[in-house]
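There are 2 protein chains.
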Amino acid sequence: MSNKSTTIASEKRFLKVLKGEPVDRPPFWFMRQAGRYLPEYRATRADAGDFLSLCYNSELAEEVTLQPIRRYGMDAAILFADILLLPQALGQHVAFKAGEGPVLDALSGSSAVARLQREGIHDTLAPIYDTVSRLSRSLPDDVALIGFAGAPWTVATYMVEGGSSKDFRKSKAMLYDNPQAMHLLLDKLAQSVTAYLNGQILAGAQAVQIFDSWGGSLSAAAYQEFSLAYMRKIVSGLIREHEGRKVPVILFTKGGGLWLESIADAGADALGLDWTCDIGEARRRVGGKVALQGNMDPSMLYAPPARIEQEVGDILAGFGEGSGHVFNLGHGIHLDVPPEHAGVFVEAVHRLSAQYHK
Amino acid sequence: MSNKSTTIASEKRFLKVLKGEPVDRPPFWFMRQAGRYLPEYRATRADAGDFLSLCYNSELAEEVTLQPIRRYGMDAAILFADILLLPQALGQHVAFKAGEGPVLDALSGSSAVARLQREGIHDTLAPIYDTVSRLSRSLPDDVALIGFAGAPWTVATYMVEGGSSKDFRKSKAMLYDNPQAMHLLLDKLAQSVTAYLNGQILAGAQAVQIFDSWGGSLSAAAYQEFSLAYMRKIVSGLIREHEGRKVPVILFTKGGGLWLESIADAGADALGLDWTCDIGEARRRVGGKVALQGNMDPSMLYAPPARIEQEVGDILAGFGEGSGHVFNLGHGIHLDVPPEHAGVFVEAVHRLSAQYHK
Chain X
1 MSNKSTTIAS
11 EKRFLKVLKG
21 EPVDRPPFWF
31 MRQAGRYLPE
41 YRATRADAGD
51 FLSLCYNSEL
61 AEEVTLQPIR
71 RYGMDAAILF
81 ADILLLPQAL
91 GQHVAFKAGE
101 GPVLDALSGS
111 SAVARLQREG
121 IHDTLAPIYD
131 TVSRLSRSLP
141 DDVALIGFAG
151 APWTVATYMV
161 EGGSSKDFRK
171 SKAMLYDNPQ
181 AMHLLLDKLA
191 QSVTAYLNGQ
201 ILAGAQAVQI
211 FDSWGGSLSA
221 AAYQEFSLAY
231 MRKIVSGLIR
241 EHEGRKVPVI
251 LFTKGGGLWL
261 ESIADAGADA
271 LGLDWTCDIG
281 EARRRVGGKV
291 ALQGNMDPSM
301 LYAPPARIEQ
311 EVGDILAGFG
321 EGSGHVFNLG
331 HGIHLDVPPE
341 HAGVFVEAVH
351 RLSAQYHK
Chain S
1 MSNKSTTIAS
11 EKRFLKVLKG
21 EPVDRPPFWF
31 MRQAGRYLPE
41 YRATRADAGD
51 FLSLCYNSEL
61 AEEVTLQPIR
71 RYGMDAAILF
81 ADILLLPQAL
91 GQHVAFKAGE
101 GPVLDALSGS
111 SAVARLQREG
121 IHDTLAPIYD
131 TVSRLSRSLP
141 DDVALIGFAG
151 APWTVATYMV
161 EGGSSKDFRK
171 SKAMLYDNPQ
181 AMHLLLDKLA
191 QSVTAYLNGQ
201 ILAGAQAVQI
211 FDSWGGSLSA
221 AAYQEFSLAY
231 MRKIVSGLIR
241 EHEGRKVPVI
251 LFTKGGGLWL
261 ESIADAGADA
271 LGLDWTCDIG
281 EARRRVGGKV
291 ALQGNMDPSM
301 LYAPPARIEQ
311 EVGDILAGFG
321 EGSGHVFNLG
331 HGIHLDVPPE
341 HAGVFVEAVH
351 RLSAQYHK
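Respectively, the protein sequence lines represent chains X and S. Yeah, the first sequence ends on 358 if you go by the working numbering, and it's all consecutive. Yeah, the second sequence ends on 358 if you go by the working numbering, and it's all consecutive.
For the record, the hints were derived by calculation from the structure and aren't laboratory data. Among the hints, a few may not be true.
One copy or two, it doesn't matter: identical chains are merged, so the pair holds either way.
The calculated SDA-like cross-link candidates involving lysine to any residue, where the alpha carbons are at most 25 Å apart (straight line), are [unchecked claim]:
no.	residue 1	residue 2
1	LYS16	GLY288
2	LYS170	VAL346
3	LYS166	HIS357
4	LYS19	GLN88
5	LYS166	ARG36
6	LYS97	SER236
7	LYS166	PHE51
8	LYS166	ILE83
9	LYS170	ARG42
10	LYS170	HIS341
11	LYS170	GLU100
12	LYS170	ARG36
13	LYS166	ARG42
14	LYS246	ASP265
Fair warning: this is a prediction, and the values are worked out from it, not measured in the lab.
Take the sequences, apply the hints, and build the full model.
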């Protein structure tokens, strides 16, 4: 008889799909599932004070990570943290202002990039590893734990713009006008992300996802050179097996639907799809090389229950028979969707998926 | 001998490419070429007062339309106007506030949609037709005149959100929660856009472009149903031949790269490509069915001259030999690019394109 923990690990639907093994139904989770649409999250957030305090408070971060699992029974929990903790760990000033989003001291030029300090990042990030470690003990046995970081290009845009951006003027200007500085920044970020994700894996993360929210803002050629190349570098530097278990990697480029073939070729185990891709077409294009995660439009959760159920059914039918699909939204869940509508999604995945997994 | 005007019309590079005829070099223009990056535009705009006053002042709108042609010698001029003149003509309140963008009284629900009045739109839009008519007389003989309107989905997002949006929550909520109201709105817009573009064609526009700036925010299925279906309807209702000349139609969906095959099948003569598509790959996919317009990243104009020249060369090489390419940016020119950099682009198109048109 194998021991309990091994048996259970091998039974987690989410990890099975990422290893290409058959499952009884697609595992599911939501990007940004621990978040403001949940009243219990808003209560804990109010206790924590500001957003960054919540990220660095391991006990409360553990709590908000667990909240959606208790409510919806997802097959995977994702560490509660933020992609901008890394620039902070590198020495950049980062703040979150209510109603405004992140505000950073914008970087410009090679010398500012050179001043970023990779060496001490684990000191700042220690509470995050502690959150992971707590979660690896407290999560139900059948729920996988996902660690994550932002893709170098995506994180770089915030660092160079000084916050969110609509058209990435400053980061594109640096990319085209001073590509050496941008490459220096991206390389530093790739090394830091690798160390950060490995820290999460050593603390107990069973899979990791790299979020490239803004890779889709690049030209086809620039995406290869300034985003995918660095994600590929990270993937090749990650711990891919830990304590006898494979540690799968998911790459998610929002707006990357045109480039799926090359993303599938970057060494990861799964691709995240946004909602602009037809999932059946995506499956044909990547030809079983990687699992697919996605891809319902998060705005579908504004619709009445019957419409949500129909969409879940359409996506299941679009993917078709067999394993290889992690059901998710195509981007983070919106803060103002009714929590019951997320429940309708969950119930529909349970009810409608069996026919594709005989 | 044919008369002068016929001879000259048949010599316009821009129209030739859209008819599939050979040219000596690709014609070029910039989306939003009459705009704030030009000091002469800023001067005229200051004379006009606010943005809407400039749009409705035929004399000044003619002047700003001509300004980039004088400076750069584009092969096509595009009417100076705005896609939100149409909601205004339908009776919705529209204002442009400095530094804030458009502000509309947000529509919600079927009854608000029902109150929009299609019948009187030409009264409001008469000055726009007058601008077109003036331009058809004042433009140099070798410069084509493009009329335009927003795609129904794109215009609808502004009407429902009450302005610009990052994630189109209200318009997606209406689309999924009350699709009947959204279809009613889109149908009304499609009929109005058809009438508006036909008005421009009768006033002298030699080609028209439909701008679907936000079609790429939709799922693959929703794009077909809520955006492309209405553009197809418009295309089928347009005057396609006027005074013995074919009037070509260009469809531009930003973020529509995944759907090029279906857009190419909508009855238009050309597709606009944003910069996320590789133009060579796009040409292979649409197989000569339509001409392609695009697709340099507008942010490339921040780069030094040598980098801009390299990019122009890469796009020319990517498209390859023969006619079928209208060189343009992949979206509107940014307001803060140096005008000299646009000149570098123009010079590079002239210098580097001959080898593909032997």
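Here is how each hint holds up against the structure:
no., hint, in the structure
1, LYS16 with GLY288, "within (15 Å within a copy, 44 Å between copies)"
2, LYS170 with VAL346, "between (40 Å within a copy, 24 Å between copies)"
3, LYS166 with HIS357, "neither (41 Å within a copy, 38 Å between copies)"
4, LYS19 with GLN88, "neither (34 Å within a copy, 55 Å between copies)"
5, LYS166 with ARG36, "both (23 Å within a copy, 18 Å between copies)"
6, LYS97 with SER236, "neither (36 Å within a copy, 50 Å between copies)"
7, LYS166 with PHE51, "both (23 Å within a copy, 22 Å between copies)"
8, LYS166 with ILE83, "both (18 Å within a copy, 20 Å between copies)"
9, LYS170 with ARG42, "between (34 Å within a copy, 23 Å between copies)"
10, LYS170 with HIS341, "between (38 Å within a copy, 17 Å between copies)"
11, LYS170 with GLU100, "both (19 Å within a copy, 20 Å between copies)"
12, LYS170 with ARG36, "between (30 Å within a copy, 18 Å between copies)"
13, LYS166 with ARG42, "between (27 Å within a copy, 23 Å between copies)"
14, LYS246 with ASP265, "within (19 Å within a copy, 46 Å between copies)"
Comparing the model with each numbered hint stated earlier shows that hints 3, 4 and 6 do not hold.
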